[in-house]
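Please work from the sequences and hints to get the whole structure.
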Amino acid sequence: MQLDSKIPGGPLETKWDRHRFDMKLVNPANKRKFEIIVVGTGLAGGSASAALAELGYNVKTFCIQDSPRRAHSIAAQGGINAAKNYPNDGDSIWRLFYDTIKGGDFRAREANVYRLAMVSNLIIDHCVAQGIPFAREYGGLLANRSFGGAQVSRTFYARGQTGQQLLLCCYQGMMRQIATGQITMFPRREMLELVMVDGQARGIVVRNLITGEIERHAAHAVVLATGGYGNVFYLSTNGTGCNVSAAWKAYKKGAGFANPCFTQIHPTCIPVHGPYQSKLTLMSESLRNDGRVWVPKQAGDQRPPQEIPEEERDYYLERIYPSFGNLAPRDISSRAAKLMCDQGKGVGSTGLAVYLDFADAIKRLGRKVIEERYGNLFQMYHKITDQDPYEVPMMIFPASHYAMGGLWVDYNLMSTIPGLFVLGEANFSDHGANRLGASALMQGLADGYFVIPYTMGGYLGGTRLSEVNTSHPAFGEAEAQAKARTEKLLGIRGKRTAASFHRDLGNIMWEYCGMGRTDEGMTKGLKLIADLKGEFWQDLLIPGTDTTLNQSLERAGRVADFLEFAELLVTDALARRESCGSHFNEAFQTEDHEALRDDENMCHVAVWEYAGEGKAPIFHKEPLVYENVKLSVRSYK
Amino acid sequence: MIWVVRIFTTSIGKKQLMALTGLLFLLFLATHLLGNLSIYGGQGAFISYAEHLHALGKLLVVAEVGLVVALLIHITLAVILFFENRKARPIQYAVDKSGGGGRTFSSQTMPYTGFLILAFVIFHLATFSHHIVDQTHRNIFQIAYELFSNKGILIFYLAAMVVVALHVRHGLWSAFQTIGANHPKYMPFIEWLSIIFAIIVAVGFGSLPLAILALK
Amino acid sequence: MSGKHINLTLKIWRQNGPQAPGSWEIFPAKDISTEASFLEMLDIVNEQLALAGKEPVAFDHDCREGICGTCGCAVNGRPHGPDRETTLCQLHMRRFRDGDTLVIEPYRARAFPVIKDLVVDRSAFDQVIQAGGFVSVNTGQAQDANSLPVPRNKAEEAMDAAACIGCGACVAACPNAAGMLFVSAKVSHLALLPQGRPEAAKRALSMVAQMDALGFGNCTNHKECEVECPKGISIRNIARLNREFIRAAVASTEKIPASGGGQ
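These protein sequence lines map, in sequence, to chains A, B and C. Sequential numbering of the first sequence, starting at 483, is according to the working numbering. Sequential numbering of the second sequence, starting at 849, is according to the working numbering. Sequential numbering of the third sequence, starting at 36, is according to the working numbering.
There's no promise every hint is true.
Claimed, not checked - Within a straight-line C-alpha distance of at most 30 Å, the following computed BS3-like cross-link-like pairs (lysine-lysine) qualify:
(1) C:K46 / A:K865
(2) A:K542 / C:K237
(3) C:K189 / B:K1033
(4) C:K89 / C:K46
(5) A:K865 / C:K189
(6) A:K735 / A:K965
(7) A:K977 / A:K1009
Claimed, not checked - Some residues of chain A that are not near chain C, with every Cβ distance over 12 Å (derived):
(8) R514
(9) Q633
(10) Q682
(11) D783
(12) G826
(13) Q963
(14) T968
(15) G1016
None of these hints come from the bench; they were simulated from the model. Only a predicted model underlies this, so the values are computations on that prediction, with no experimental measurement involved. Where is the CB? At the ideal position from N, CA and C, for every residue including glycine.
Quick look at the structure:
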């Protein structure tokens, strides 16, 4: 596997411009001769579909949901970053770039991140033009708020529903192109195989989730924007449908998988309440702008929060990280919460929670202001927990949230398979070992609106592509493979549902490869995963058939892939001999429990190549070269 | 299809035409009531009101034709909308209590109260209209008195006024909503007006037969 | 782990496919924690059904935090169940009492045909949006975001309308299965913002024509949609759509398309 990141030379600020000039163009009349498949309709897939269609390409877009408007980007709450510097508080493209690199604990590519910061401003312009009702000041201009991991206010937001508004505008852009016939939409389709011809990605095989039919679709290039793999932990903030399957199929066809161990654990989620629980709900990080995080100073203090006097509370984030306080980045806040609970100071019936208290903010600003800022979040919290956060402090606990790792891509967002592009959370490119708040929306839209429209042209214009249609033998093989696997799954006829295997896998992953990792635990985890995988293929039960909508079958396929992927995740975590960002190996920590990086030996992207069934994956390394920032200890104190 | 006609083939166009004709009837109800209240000035005042009204001559015919046309439109559209709406939900819910509390009795019964009102209007015209009933030998007061002396007819009239009130109670605010007049500042007022106007219609018209019977 | 446990009887609509005749099945739901969400209760029942060799009840769901709009069915005749401004996934079992019988059926509307059990096809909404629920701006064309001020209250009102999650509860709740709240929310969202004004007339006419063509019923102002909307979207938006529509029909040069502008 050759890892050529194709980072253009020259000064950081002009790399993207120069690259755009150097790339081949496809003239307008020729664009309509090309077909592009986009899988996934979140911010990345939706924006890519719309932007490519606007240019005149014929786009075929697929999603597993009933409508492209359902993709899980919709659940992003807090906001989207941009270096507009409207508040005049010292922001700049360079600062957004630097914050993102530093937030990622110096494990992201400089050139990619700089480009991301550059196009961040264009995203806001475009979104406003599309009619996104961003929050505004009384003068009618855009409002900004601060967000975890930054000391400037650069986050644009639409109440607590920013992701929803951004996604719906992508969706509307897509609908406009569907009406003109430029996009053909295939909802309720699940990608089962990537089809390769002459070493290039030339199509996909999908299952029509309603009829069970296997369909073949050919194209000149394939774009995966299938999101992250946070559901490998079973309980996560992801939607229940989020899965790794499309990315995993691409990996098995030769796409490198980068940094799978970088999984973000979000600090502010509603704690687990029972074994039947199906997901964890995120409470936007923006709550930490006004909420104060605390635990009782005394371990095992069972008193209700109102009865614990001020001097017996430990506002530990403010204490340990005085300059960032409650706005410390996600990985740091999560770990601090875990540390407090490990010390027995956790609250709630399980002892696995900390308080997020708004009493001071309500006193300072009044209930009305808090209601305006967080009304819907408070309402959501109230509904789920039956407790009123205006009266009693919220209880929060970290939960699996975002995957920084993903399929390896070069500067053009192309994977190691020619013609297979990967966008958004599904790729690994911009967030390093930890993502800052309000950056996921930025990256998804940057990739889809402002990167792929250029780099796709560069690929199509500069590549020899043979005539391929769905009768090509490669499609037959892929379809046969997909069918065989479905039959195999249905044929097990065991006694356990896919959901129960998934739950077990999640427990293993959270226990042995979660927030605090040890070599011993991870080794044990690998063994447990292998056992579970064995049991899965022996004892899986799928009711129903494959000729109608069968959600059990869908789930089984996804869990099967998670079981394989989990091994890769743990393998990667074991191989990273340092702690950085979200990856915290307890063997590598400072005296005060902070992550201890090893820039000497570990400043690289770990890329894994599939070696075949039952064989250990092959390790490759893309060294990270820092020409513009100095690697420093990441301090938020 | 010319553009005006096309408007009234759309769901909103149909509704707006319903609303406009409905508002016209409300206006008619108000004037009709105001005129009839002359009964409280005594027999003479009432008869004199009827004579003055008929003296309008052609103007009255124009108004009558206008009302009949509006009525035909209102009824035709009502029938079309009723069947379209039924078609839009081919399978009913197994449980369909009063829903979430948005519906009112009057909103749910609009098609039926409408139908009853039509029946009433036909009866009313057949018993009062100067085109049908000979008003040269008997004056309007005598006609009314004889009619209401029949207990059955009296009860039918009183009941009909309740039905009209129910129709008005939903129809009035609904017409404003449909033509697009809904604002947090004035909508609460219109909603109140619907109820008050409905009561005025029921009490106002309902009291007339009793007043007539009392006067003799 | 707190909370108590209750036993329920579920009467659920089962339908194997779009053409298949449906029928009612009755299952017990035993020992359900009141802390569980409605969908988690269905998960538990489905797990039991699967282990008993029966096919689980198909139902749509994804984010389970009340924003994606995927879930939804009628519980005792009410879309998303009895709680106001609450999606089915956010409805919790503490809302019900031990011994209750819950009748669970799919949304009923000609425009939303049943796919299987509680899953319905809501692609009609996508087709309505295709007819004009967007601003025609290509990527890269935009001017600076702050070059066009938007009065704060307009932006807030637009956001109120834009909060629609497209779940279809309005159609399901409407005695006429009308789609007006959904359509009006999109028309309002874009009509309230200066960015949406250039196409406002065309949008209102096309979307209404498309809505009509898809077999939704007519609005008769029952307000059921507003009451059942999990996002509390107001029927003032419907009034705005009515206004936008008649203004566009009479006073603009745009024509009402024969049957919508979508596919």
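Okay, the hints, checked on the actual structure:
1. C:K46 / A:K865: The given pair, whose Cα atoms are some 25 Å apart, holds under the 30 Å limit.
2. A:K542 / C:K237: Within the cut-off at roughly 27 Å; holds.
3. C:K189 / B:K1033: The given pair, whose Cα atoms are some 16 Å apart, holds under the 30 Å limit.
4. C:K89 / C:K46: holds (16 Å)
5. A:K865 / C:K189: holds (29 Å)
6. A:K735 / A:K965: holds (17 Å)
7. A:K977 / A:K1009: holds (22 Å)
8. R514: Answer for R514 (chain A): holds, closest chain C Cβ roughly 16 Å.
9. Q633: Correct as stated: the minimum Cβ-Cβ distance to chain C is 22 Å, above 12 Å.
10. Q682: holds (26 Å)
11. D783: D783 (chain A) clear of chain C: closest Cβ-Cβ about 18 Å, beyond 12 Å.
12. G826: The assertion about G826 (chain A) holds, with a minimum of 18 Å to chain C.
13. Q963: Fine: 26 Å to the nearest Cβ keeps Q963 (chain A) off the interface.
14. T968: Check passes; 17 Å lies beyond 12 Å.
15. G1016: Holds, because the least Cβ-Cβ distance between G1016 (chain A) and chain C comes to about 21 Å, which exceeds 12 Å.
Against the hints set out earlier in the document, no violation occurs for any number.
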